[in-house]
Amino acid sequence: MNKLIILCIAITIWSCSKNTDFDEIYQPIPVTVEVPANFPEMTYNLDNNPVTEDGIALGKKLFFDGRLSANNSIPCAFCHEQAFAFTHHGHTVSHGVDGNVGKRNAQPIQNMAFQREFMWDGASSHLDLQPIIPITSDLEMGETLSNVIQKLQTDNEYKKLFRRAFEDGNINSENMLKALSQFMIVMISSNSKYDKYVRQEDNVTLTAIEQDGLNTFTAKCTSCHATDLFTDESYRNNGLPVNPQLNDLGRFDILENPDDLYKFKVPSLRNIEVTYPYMHDGRFSTLEAVLNFYNQGMVDNGNVDPSLLRTDGSYGISLTAYEKTSIIAFLKTLTDYEFLNDERFAEYE
Amino acid sequence: MKFIKLTFAIMLSLTILSCTSDDDSNTEDLTGQTGNLVLKFDNGVGDQDFIFGTTYNKSNGESYSLTTLKYLISNVRFTDENGNEFMFPHDDNVFIIDEATANNAGEIWLTLNNVDAANYTSVTFGIGIDQERYALGAEGQGDFLTEAADAGMMWSWATGFRFTRFDGTYSSATITDEALNIHMGSVGTSLDNYREVTLSLPNNARVRQTTTPEVHIKADIAKVFDSDTTSINFADGYSQVHTNTETTTVIANNMSTIFTVHHVHNE
Numbered sequence: 001m002n003k004l005i006i007l008c009i010a011i012t013i014w015s016c017s018k019n020t021d022f023d024e025i026y027q028p029i030p031v032t033v034e035v036p037a038n039f040p041e042m043t044y045n046l047d048n049n050p051v052t053e054d055g056i057a058l059g060k061k062l063f064f065d066g067r068l069s070a071n072n073s074i075p076c077a078f079c080h081e082q083a084f085a086f087t088h089h090g091h092t093v094s095h096g097v098d099g100n101v102g103k104r105n106a107q108p109i110q111n112m113a114f115q116r117e118f119m120w121d122g123a124s125s126h127l128d129l130q131p132i133i134p135i136t137s138d139l140e141m142g143e144t145l146s147n148v149i150q151k152l153q154t155d156n157e158y159k160k161l162f163r164r165a166f167e168d169g170n171i172n173s174e175n176m177l178k179a180l181s182q183f184m185i186v187m188i189s190s191n192s193k194y195d196k197y198v199r200q201e202d203n204v205t206l207t208a209i210e211q212d213g214l215n216t217f218t219a220k221c222t223s224c225h226a227t228d229l230f231t232d233e234s235y236r237n238n239g240l241p242v243n244p245q246l247n248d249l250g251r252f253d254i255l256e257n258p259d260d261l262y263k264f265k266v267p268s269l270r271n272i273e274v275t276y277p278y279m280h281d282g283r284f285s286t287l288e289a290v291l292n293f294y295n296q297g298m299v300d301n302g303n304v305d306p307s308l309l310r311t312d313g314s315y316g317i318s319l320t321a322y323e324k325t326s327i328i329a330f331l332k333t334l335t336d337y338e339f340l341n342d343e344r345f346a347e348y349e
Numbered sequence: 001m002k003f004i005k006l007t008f009a010i011m012l013s014l015t016i017l018s019c020t021s022d023d024d025s026n027t028e029d030l031t032g033q034t035g036n037l038v039l040k041f042d043n044g045v046g047d048q049d050f051i052f053g054t055t056y057n058k059s060n061g062e063s064y065s066l067t068t069l070k071y072l073i074s075n076v077r078f079t080d081e082n083g084n085e086f087m088f089p090h091d092d093n094v095f096i097i098d099e100a101t102a103n104n105a106g107e108i109w110l111t112l113n114n115v116d117a118a119n120y121t122s123v124t125f126g127i128g129i130d131q132e133r134y135a136l137g138a139e140g141q142g143d144f145l146t147e148a149a150d151a152g153m154m155w156s157w158a159t160g161f162r163f164t165r166f167d168g169t170y171s172s173a174t175i176t177d178e179a180l181n182i183h184m185g186s187v188g189t190s191l192d193n194y195r196e197v198t199l200s201l202p203n204n205a206r207v208r209q210t211t212t213p214e215v216h217i218k219a220d221i222a223k224v225f226d227s228d229t230t231s232i233n234f235a236d237g238y239s240q241v242h243t244n245t246e247t248t249t250v251i252a253n254n255m256s257t258i259f260t261v262h263h264v265h266n267e
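Read top to bottom, the protein sequences are chains R and E.
Sequential numbering of the first sequence, starting at 1, is according to this note's numbering.
Sequential numbering of the second sequence, starting at 1, is according to this note's numbering.
This is chain E alone, in the form it adopts within the complex:
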């Protein structure tokens, strides 16, 4: 009995000690705790908010105005301050970002549930659908094929997803309101236009059971057409971008330059 009491006392003190030492290094134990996180996608053009029907100028004297602005996001994951990665569950990890569904502030909210509690320092996501997911066929797609088809994000002449869908018109000194349709995706296994971006967060996103961080992601649509490296002319084969290897690759590369994280709210 005495032995048991002694063991108990030792264990108790060990427990207290271990707790104390944790407190000392300021580490809370987040094991098993999950919370929610919101990604807010905010489309803009340079220093303006994006608005349907508004005419925006491009670098080369061309201008454009859009009636549809959608893109696919997938494989969203986060890296915490210790370098650990949290991948949102695969089968639910595809999203359509559709400007038409934006709130009055022009934001499209993606609420991610059951995210591991941690202090995240960066977010990574893909633009489009990767080859691995294509190779699964219908497996794990649930209702997404239907959802994408309803959103006009699939082709009916081929079985691919559209990664981006920009519809509208463009004009220049010599052209007035010509059709502009940028429907770009991968083409089977022959052409892989999936791209990934990793954005560091200016302040940590602290996911807790009681705290839902909001990551405000700005997407500069101007850079789809005038990226830091490649500017395109609509009149030179870029007013209709569908499956051409060269033009779709340029749009895919430019799409991977449009995103930045403006700020993170930890509420």
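Just chain R, same shape as in the assembly:
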């Protein structure tokens, strides 16, 4: 009888130690998210979702996992590739499950914790909830939240990762979305040549043409591309001829307000060199084409932003050939090679 009791105790202790395997318990290692000195305040409230190493690791795995889509083959990273500042290399608009084609150009994922609203039309006002749009859109990943959660729940690796990332260890939509947010929160691009120049780091200076470009940019572009995030986060109609095939009404879709017709969110210009093609529908493949459009391609589609009205009554931003060349030279100083090559965000480290 005594032997039996000892055996029972031994089994109990053994099973305990197996359950509390270091791999499987919640031991949060906090990650401090630094706000770059030249950035505005962070909008994301980290108190509601404290960033940890295991949270980021889980978010990263989810970001690269095709099982978030209906056919198990379209992960977030499909349209958001690191080398192109997490845009869809070269695609005007992106394609999703079943060969479906979307109607907008994939935007970069960078500095998301500093933005108030997301998507070209501002359809999401919280970073946590943003992934619901691509996951459930028929044109993108075409899946349901509950299917995704079911798939994750049957995966032993995810069981472990959720336990490590969250105190309650639950595999549910709350924790999945929080982990994706943690991964996106730390995707901060703030170490371009321009950043080092404005923060006076490493004795970085701009060349003469880059400096000329910055001066012209400051004079003619910063009323919309404001702050060192290079967007004021407003929605504006920049006078693009409407593509009748897409007939994308922009921000109008959100509130059905006629004043919002053809308005899109002013995009950040960080890493703009690698995020081609440009505009909400990717119609311009080079920065030259973009600046030529601003100089001489705008049309009055009925709701163009008044800041773009020239004194002669036409719409546009007048730019000389040298101003265009120098602005492009300046824009290339916004390329952040540390971010584009950061192994923390790479699928294979």
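In short, the hints are calculated from the structure, not lab data.
In this text, all values refer to a predicted model and were calculated from it rather than measured experimentally.
Note that beta-carbon positions come from the ideal geometry of N, C-alpha and C, so glycine has one too.
A hint or two may mislead.
[Unchecked claim] Covered by chain R, per the in silico footprint, the following chain E stretches (three or more residues, Cβ under 8 Å):
1) 145 to 157
2) 187 to 200
3) 235 to 244
[Claimed, not checked] Cβ-to-Cβ under 8 Å is the rule here; a few derived chain R residues that face chain E:
4) H126
5) L129
6) L177
7) L255
8) V299
9) L340
Based on the hints, put chain E in the right spot on chain R.
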């Protein structure tokens, strides 16, 4: 020893006295006691029960028939006879009222557990999701995002909840069975369509460990379209209500007029 005995005697008598005086004012001590409470949502149209597929007439000659009838309720709380408020725990305080899940009596039951024992005189709840809860993102949502998505109470083109979902058809003298879809919610921080209602209870809901009151709430769906103040015409932009500031606001305001408490059972 004598001193201790005396102290004991005084304390004992004080205790008895305090008990007696409580009894005199007819107040039971409910501290720490909790119980359950049931909210029964009963959708109707005027003086009729609501039934899917039945055609109901509106004030202006239009008629309608629905195949889906759902709305979101949140931030349920109760006020007792002393003015104290009991708020049901935040993270679990969002509910989908779906007519398709109603029992044979046409009632959707929300059973609230661990409600503080008290004599409640009114119930307050929100219709939809308030801005504060939106601002939390995924925090505290648990499985609700999944549940709402499965119930068709979320949009896939934007990250918002649908506060109401009425699908069906409408007809008039000139229109036959045109589509009717009222999917209304807030739009980010730009448009707040969350509304709250406070309903006084005709008799107190006495929550005790052993007593589960049932609050019978009638929801008059006719008032979504013909409220006491605002009647709408489906044909004038109200057959498809989604995000338009004007039409969604009218529906939100009308939704806040549809609820009354018919009676409370204290079993």
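For each hint, the structure was consulted:
1. Coverage of the segment 145 to 157 of chain E by chain R holds. Counting CB-CB distances below 8 Å, 7 residues qualify, and the rule asks for three or more.
2. Proximity of the segment 187 to 200 of chain E to chain R, defined as three or more residues with a beta carbon under 8 Å from a beta carbon of that chain, is established by the 5 residues found.
3. Restraint check on the segment 235 to 244 of chain E versus chain R: 3 residues with Cβ-Cβ distances below 8 Å, three needed, restraint holds.
4. The restraint placing H126 of chain R at the interface with chain E holds, with a minimum CB-CB distance near 4 Å, inside the 8 Å limit.
5. The restraint placing L129 of chain R at the interface with chain E holds, with a minimum CB-CB distance near 4 Å, inside the 8 Å limit.
6. Among the interface hints, the one on L177 of chain R holds; its C-beta lies about 4 Å from the nearest C-beta in chain E, closer than the 8 Å criterion.
7. A least Cβ separation of about 5 Å between L255 of chain R and chain E falls short of the 8 Å threshold, and the interface hint therefore holds.
8. Violation of the interface hint for V299 of chain R is found here, the shortest Cβ-Cβ separation to chain E being roughly 27 Å, above the 8 Å cut-off.
9. Interface hint at L340 of chain R: violated, since its Cβ lies 28 Å from the closest Cβ of chain E, which is beyond the 8 Å cut-off.
Checked against the numbered hints above, the structure breaks hints 8 and 9 and satisfies the rest.
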